[in-house]
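We have chain A already, so just place chains L and V on it with the hints.
Protein chains in written order, with the working numbering: chain A, 496 to 1151; chain L, 9 to 350; chain V, 3 to 331.
Simulated from the structure, these hints should not be mistaken for lab results.
There's no promise every hint is true.
[To be verified] Simulated crosslink set (DSS-like; lysine-lysine; CA at most 25 angstroms straight-line): (1) V:92 x V:43; (2) A:683 x V:14; (3) L:264 x A:950.
[To be verified] Rough simulated footprint, nothing fancy, chain A against chain V, three-plus residues with beta-carbon under 8 angstroms: (4) 40-47; (5) 223-231.
[What the hints assert, rightly or not] Listing some non-contacts, in silico: residues in chain L with all C-beta distances to chain A over 12 angstroms: (6) 71; (7) 98; (8) 138; (9) 179.
Beta carbons: idealized from backbone N, C-alpha and C, even for Gly.
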Amino acid sequence: MEAASTKTTEAQRQLAARFLDFWRVFRRNRMGLVGLAMLAVIVIVAVFAEVLAPYDATAPVDATAADVYRPPSAAHWLGTDDAGQDVFSNFIFGARVSLIVGFFAAFISVFIGGVLGIAAGFYGGRVENFLMRFTDVMLVIPDLPLMVVIVALTKPSLLNIIFVIGLLGWTTTARIVRSQTLAVKSRKFVLRARAIGAGNGHIIRHHILPLVMPILVVNAVLVVSLAILNESTLSFLGLGDPTALSWGQMLNYAFGRGAMSTGAWWALVAPGFGIVWVVLGLTLFGHGLEQVLNPRLEAHHLMKPRPIVRHEATGKPLLHERRGRVPDEAPILVEVKNLSISYISDGKPPARAVENVSFTLREGELMGLVGESGCGKTTLMLGLLRLLPAAGQIVDGEVWFSGRELTALTETEMEDVRWKGISIIFQGAMNALNPVRTVGDQIAEAIVKHNPLMKGAALEARVSELLDLVGISPEHKNHFPHQYSGGMRQRAMIAMALACNPQVVIADEPTTALDVMIQAQVLELLDSLRKKLGLSIIFVTHDLGVVAEMCDSVLVMYGGVTAEYSDVDTVYNLAKHPYTQELLKAFPDLTHPEKRLASIPGYPPRLDDLPAGCRFAPRCPVAFERCRVEAPAIHQLGEKHFASCHLVEENSLTTK
Amino acid sequence: MKRFRFLAGKLGWAAFTILFVLVLNFFLFRVLPGDPARAGVHDPRLKKDAIEAIRVRFGLDKPVINCFESLNPLKFGSCSVNPLETQFFIYVGNLFKGEMGISYHTNRPVSEILAERLWNTILLIGAGQILSIIIGVLFGLFAAWKARTSIDYGALIVSLVAWSLPTFWLGIILLFWGSNQGLPIGGKATPGLSSYPLLVQWGDIARHMFLPTLTYTIVYMGEYMLIMRSSLLDVLSEDYILTAKAKGLNTFQVLKDHALKNAMLPLVTVIAINLGFTVAGAVQIESVFSWPGLGLAIYEAVNRRDFPVLQGAFLLIAVAVILANLIAELMYSYLDPRVQTE
Amino acid sequence: MQDYFLEVQRLKKYFAAGRPGFFNRAREHVHAVDGVDLQLKRGEVIAMVGESGCGKSTLALTLMGLEEPTEGRIVFEAKEITHASEHDRKLLRQRIQMVFQDPYESLNPTQTIEEIVAEPLDVHGLTHGKAEREARVVKALEDAGLKPASTYLPRFPHQLSGGQRQRVVIAGALVLEPHLLIADEPVSMLDVSIRAEILNLLADLRQTRQISIILITHDLGTCGYFADRIAVMYLGRIVEIGPTGEVLSNPQHPYTKALLSVVPVPNPRLRRQRLILQGETPNPIHLPSGCRFHPRCPIAVERCRAEDPAYVTVGQSHLAACWEAGKQA
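In isolation and in its complexed conformation, chain A is listed as follows (with noise of 0.2 angstroms):
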């Protein structure tokens, strides 16, 4: 018994923690405190109407012909009716109605659409199909029309106009509540409650209602405003109960009595005003609750990038001027320089998500970009590519590439660059790949966007070519993405990639999601494509495995900067930074099967959180005091091998 009261307490002290978590969160939702506002006051006016009002609406008045549609005076600040009436008192009063109508109807509504969206979505099967078949059709016949009919043939009473606009009301909330319960019920820890042995009751209580409630709430919100306005329309039509007075029925006695012959404007201003004053308080509360309960970013790929900026990186640039480049090697292709990113958000310091990284990149070289996920490995790459997202700002370094520096470049000078001289394969093909449009037609579209002559057969031929060269049969080009399995998209992504044979091509962990078998088949292709035209590769990927096998050079990043940087064999047998070795160990190795896995201890550094200092040394095993006071400068170790950790000053080639 104790206990019972004990665990009710607890339970009420959470929900009262959790909604003044809601509630620091939604106060500075301007769009829906103004709506909570606006129904506030109407709430107010209807509950205190008998002390608001001047005069008794509900009294019957002896009103003679002078009295009627008298324009506002002192007296009655809103004028008089067709009856003779104050309009300030019946709309205060109307208030009432309107809003009892609305919420007592909406309650109806949500919680029949709330309960058979939840058993649809829930229990699935024959007992979703048929409910959700009945849904479909309530849905389809026009409601207005048949709460026309069902009143004018029932009395027009205020309890029937409740009922009727209840009862014909909920399709919406239980389509809505039966795909976020199914949406909710595919989650993994549905099936974790599953597994360790809870009933369908207990699922629906603590796994699908919290998570279908928000969803409900601002369904409900809407509801509200509907039943509202559908309330005013039905009166408005003649169908309102003619004892009690609401906004629709003053509208229609004011319409149908002459209103408008007479000129009487304040007897149709006043009662639509109300109806637009608690419909709009309804509607920005619940967008506000809407943005509260389901936050997106409204971020996208196409708001303005932000402007480049030099030298605002927060650190001092680490790297020194490299000496003695080999002269006999393969051009540089690219050769980026101090390159930083931060990101960029409201009322909190910028995010440094990648700092001053730079590597070079020859004609034919494949080099590995490693680490961990949060790195800035991807940040790194479109930032390369100025393809940032919104709140991704370059704040420092450069890019060069044949000759250009990039980050000079204007937006469309950029767009010639793209694709032509650095293409990208993305990590996941199916999200990269237009879902409407065919596999030929989104290769062909790169091709014309930079060479526009190219076009009819020619085009047509070019487009098998690629595909062919991926392994793809050509007959496969008018297919959608959709029809193709997880491996040909991203062979498409490949030979889409190439279309306009670029110099660079960024493979952004191409295999990740696919299975080992069709990983060796991709990446065996890029190898032998790379051999074939000649292409550079930059590989990122957080598998060493794979970066050991194909790749000329490594770049490890930790926490946005570069640890480590040489060439394969360096890295893999005489890696210097503490980060690459304890990487290495935590890999596993067929070849040794016995070796207990290492591992670091501890997680990778938040972006926005960082530590002082070094930001491998909360996690290093041979941190020391100036690890945690200074971040060390990249240094110079053998001919191409880089390494930032105070350890190997000592042995650093770079003049202090």
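Okay, now just chains L and V, sitting in the frame of chain A:
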């Protein structure tokens, strides 16, 4: 084969829905207190032989449907009656012959009244829908593209306000304003113009249509804008938009070739689902502007308790919406390659 | 005849393909699990390896009783549980637990860590009083390596990192003190530097609590070092099974050989010839005739097209379903 199955499924579904509406319509007007036949029978305005004619027309002397003698579901009747001799099938049969009864008010056949009014409603809804979709889509496009700028917030507020306006009230306000601007305040055409050239007549209709269409456009544009904005925001943050940009396409090309079609897809669904709601707008607008369409027919029928017209108008509107919905769904399947092949 | 802790015999799980429509009455079947035999000893760790679509996840769900088997038997702790009743099933849940692949998805974002870990106790009504409940939750969390547990209790999943979340999932399974743990790709969504500690945690649990573990994975690399045995699955069937060292050093089935050859080795000096199979796994609705692997098999002979190979014993409890197995040693 797949395509045929898809088509057959959709057609079958529409047919089933229409059947449902028929049954609903039949029972509503018989179960509820305002039963048209009984009301007709009790209508003091009618003569005895007219009442008898109604009885025969509706088959009121016959059982409701096989196995049920009357509307009381507990009162079973004979199941071996000829189905064609039951009230329900007489009702359906009459409908197929295009017979929907006689208006109490005008004594004209309902089908005749509705036939001339259907086209006026289609004209109004058509013009209003096209305009509101175009304007809504354009506004939505700009708002999403310029997300989180003052253009976006402005468009958002305008749409929310437009959405909150009661249609009939906006109509009244515009009517108030229009009558001061010398615009026609009601009806579809100025009487007595029928001898004038066609162009003059059309111009006259256009002048009459201006205010109703404006009302319609304002009310529905807000919703389309909101949907377009949110749908485009989703699309524009998809990876394939980034791919398109990486290919070197400029903003205009990305919007035109990759974003617009994908973002329009959800809109088509919404338009289809919305058709039922847009009819509600037509009823209100036609009532305010006395536009002689089905909506006005409903309004007048309600106020005159002219049940045959109400029943006929409801049926016609429901069937029209179901068919329009079918067309929208077929259009969607044509636009989205994923629908038929999955 | 040895008594096994878990014994699976000829287990099959078929799913109906597509929706039954008006026009297609004859239903086709996805042969997700198609005749699996498996024995597990107490405290043993077995890795089920295969690519997506090989049926390893369906096998896991069927063993958990979350899917009803189409055919075959499952015997667990000397009791047949193939079609256990609702009541028995609920009791079984206390002894068989599961860890899911995606720690971001397998935790309810609206529950606190305490609620998540205590949920199994509440569902089974295992604790009496608040103190006992909290003590068991704390113990489970600390066993899963989240110390001190009290700092984690009031937090929500989104406030934790991926590795911490996976530990919470493991704690939620441990709190029932299961005898068998089915881990479905427990580390594939985690960063490389975190993976080892989760795997080491599982290895320690097995040491200290004698929990048997079925590890479902696509990665031979991760299972290599802590599984006692490896079972390689292809299209719903185990094609090779044996002690880890045996399978890794002396694979007999051509599919195992191919899988092993494409596991990247983190040593650039060891670049070797890879045996890459062409094409993709056929769809499990229309299985190939004979040996299900023959269309992609580099050494297929005429016989493979016609006859499904039986298991050939190639070493100490090392079996392979291939006509050519054991021929070239």
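Ascending list of hint numbers which this structure does not respect: Going through the list in order, the structure violates hints 4, 9 and respects the others.
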